[in-house]
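As a plain string of letters, each chain reads:
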Amino acid sequence: MHPPSKTQYNVEFPTDADLHGRLTRLLAKRKVDMPSVVTTHVGDRTLVQFLAPKNDALREDIKKLGVAVREELIFQFEMPNHHWELHKLAKTLATEGINILSLYSQVQGEQMRIVLAVDQPANAMALIEKLGFDPDYAIYD
Amino acid sequence: MQRTTEARYNIVVKNRPGELAKLTKLLSDAGMNVSGLRIANLGDKSSIQFVAPKDTGRKHGLRRTGAKPSLG
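One line per chain: the protein sequences are A and B, in this order.
Heads up, the numbering used here is the position in the first sequence plus 5, with the first residue counted as 1.
Heads up, the numbering used here is the position in the second sequence plus 3, with the first residue counted as 1.
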C-alpha cells in the first residue's frame, strides 16, 4: 500500500462562466499538474473536480475566489469490466452504508480502472480487498 | 459514415448509499456493460453519468429511473 499520491479537489459554486474562467486561469497560472479534471452541472450549481498533489497554498487561493473547496481522499483499483462485477461492488458498498462521494472509471480493454472517494475509506478499502481487488491510495496518471 | 452505437446517460439521484446499486442491478439484469461511469455529488443530489449502448434506455426500462441520453 502506497501513501496517498494525490488529493481530489472539489470546487463548488453557482453556475457562472466568469467564476469558472477565473478558476481555470488560476489553475493554469499555478501550473497545477492535473491528470484528471471533470465539470458537472446539477441545477444551477457547478462542481469542478480535479486530481492534483496536495497543496494548502493552492487551496487558499481557490477559496479567495469565493467558492467552496473540499478535499477527498481517493484510491484506485482495477476490476474486470463486467456488469456483474460493477453491481457486486455497488451492492457491497450500499449494504455497508458506504456513500460514494465521487467515482470515475476508465475502461482499458477487459479491465475497468476505478478512482473512488467514499465517506468511509478504510472500511471501503477492506471490503474491496475482500472482493478480490487490490485498492491503493497511489493514483497513476 | 460510422453510426454512433453508444450514448451517454445522465441521472440525478438522491445523495445516499444504494442509489448506484439500483442502477447497476438494472444494467446487470439486462447484461449491459458500461464503457464509462462517473459520479459526482452536489449537496443532497448526486449526478451519475454512464456510457452504454444507445438502445439501453428504450430496451431495458432505464427511462423509468430518469436516465436520459445526452450529448453533453
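Some clues are possibly wrong.
Unchecked claim - Mimicking SDA-like on lysine to any residue, the simulated pairs with C-alpha atoms at most 20 Å apart in a straight line are:
| no. | chain 1 | residue 1 | chain 2 | residue 2 |
| --- | --- | --- | --- | --- |
| 1 | B | K48 | A | E115 |
| 2 | B | K48 | A | K93 |
| 3 | A | K96 | B | D58 |
| 4 | B | K25 | A | N104 |
| 5 | B | K28 | A | V74 |
| 6 | A | K93 | A | H46 |
| 7 | B | K48 | A | D139 |
Stated by the list, open to error - Partial list, derived from the structure: chain B residues whose beta carbon lies under 7 Å from chain A:
| no. | residue |
| --- | --- |
| 8 | R11 |
| 9 | V16 |
| 10 | K17 |
| 11 | G21 |
| 12 | L29 |
Derived by calculation from the structure, the hints in this document are not laboratory data.
We treat Cβ as the ideally placed atom computed from N, Cα and C, and that holds for glycine.
Each hint, compared with the structure:
In summary, the hint linking K48 of chain B to E115 of chain A is not supported, as the alpha carbons are separated by about 31 Å, beyond the 20 Å threshold. For the suggested pair K48 of chain B and K93 of chain A, the alpha carbons sit about 23 Å apart, so the restraint of at most 20 Å is broken. At roughly 25 Å between alpha-carbon atoms, K96 of chain A and D58 of chain B are farther apart than 20 Å, so this suggested pair is violated. The straight-line distance between the Cα atoms of K25 of chain B and N104 of chain A is roughly 13 Å, inside the 20 Å bound, and the hint therefore holds.
Annotation: proposed proximity of K28 of chain B to V74 of chain A is violated, straight-line Cα distance about 33 Å (limit 20 Å). For the suggested pair K93 of chain A and H46 of chain A, the alpha carbons sit about 28 Å apart, so the restraint of at most 20 Å is broken. Using a Cα cut-off of 20 Å, the hinted pair K48 of chain B and D139 of chain A is violated, with the two alpha carbons roughly 29 Å apart. Restraint check, R11 of chain B versus chain A: the minimum CB separation of about 13 Å is more than 7 Å; hint violated.
Taking 7 Å as the C-beta cut-off, the interface hint given for V16 of chain B is violated, the closest approach to chain A being about 10 Å. Residue-level restraint check for K17 of chain B is violated (minimum Cβ-Cβ distance to chain A is 11 Å; threshold 7 Å). Evaluation of the G21 of chain B hint against chain A yields a held restraint, the C-beta minimum of about 4 Å falling below 7 Å. For L29 of chain B, the shortest C-beta to C-beta distance to chain A is roughly 9 Å, which exceeds 7 Å, and the interface hint is violated.
Hint check: violations occur at hints 1, 2, 3, 5, 6, 7, 8, 9, 10, 12; the rest are consistent with the structure.
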